[in-house]
Amino acid sequence: TSDFFQKYGPLFVHSTGVSFYFQCAPSNSVQASFSATAMHWLSFKPCDLPDALHITGAAESTEKDVFLAQSEKDWESILLHRVSTNQLSRSAVLSVFTQSKELVKGGSFVLALFLCQ
Numbered sequence: 245t246s247d248f249f250q251k252y253g254p255l256f257v258h259s260t261g262v263s264f265y266f267q268c269a270p271s272n273s274v275q276a277s278f279s280a281t282a283m284h285w286l287s288f289k290p291c292d293l294p295d296a297l298h299i300t301g302a303a304e305s306t307e308k309d310v311f312l313a314q315s316e317k318d319w320e321s322i323l324l325h326r327v328s329t330n331q332l333s334r335s336a337v338l339s340v341f342t343q344s345k346e347l348v349k350g351g352s353f354v355l356a357l358f359l360c361q
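If you count by this note's numbering, then the sequence shown holds residues 245 to 361, one letter each, in order.
To be clear, the hints were calculated from the coordinates, so they are not data collected in a lab. You may find that some hints are simply not true.
With beta-carbon atoms standing in for the labels, derived distance ranges [stated by the list, open to error]:
#  : residue 1 : residue 2 : range
1  : Thr306    : Ser259    : 35 to 43 Å
2  : Leu323    : Ser259    : 37 to 45 Å
3  : Ala303    : Gln250    : 15 to 23 Å
4  : Glu304    : Ser335    : 21 to 29 Å
5  : Leu255    : Ala303    : 45 to 53 Å
6  : Phe288    : Ser246    : 40 to 48 Å
7  : Ser246    : Ala296    : 24 to 32 Å
8  : Ser263    : Ala296    : 20 to 28 Å
9  : Ser335    : Leu286    : 48 to 56 Å
10 : Leu312    : Gly253    : 40 to 48 Å
The C-beta atom is built at its ideal place from N, Cα and C for all residues, glycine as well.
Can you build the whole structure from these sequences, using the hints too?
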């Protein structure tokens, strides 16, 4: 590890008990961040799904549309909070599940990687 620090300088690892739906670090303080498989949890349950425990198993319905709308709001909130904490021109890597037909041929439930700068 001393070779690493000599070559790259100090590395400060940070974990927090604060929800990723809020700002988790001071503004402009993060140079690189990573989050894996956490974004499928909504900030709250907007309604009950009549036919499934998780949105991935739900049939098309008004309730599923409500979940999807909340998902979009939460995704925007998460990204805005990461932008506020990351220093300009720095990176965040988010590993998230998607059912998006635009991102995945056939709309399969897979892991997609996004690089946000």
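Hints violated by the structure (numbers, ascending): Per hint list: 2, 3, 4, 7 and 9 violated.
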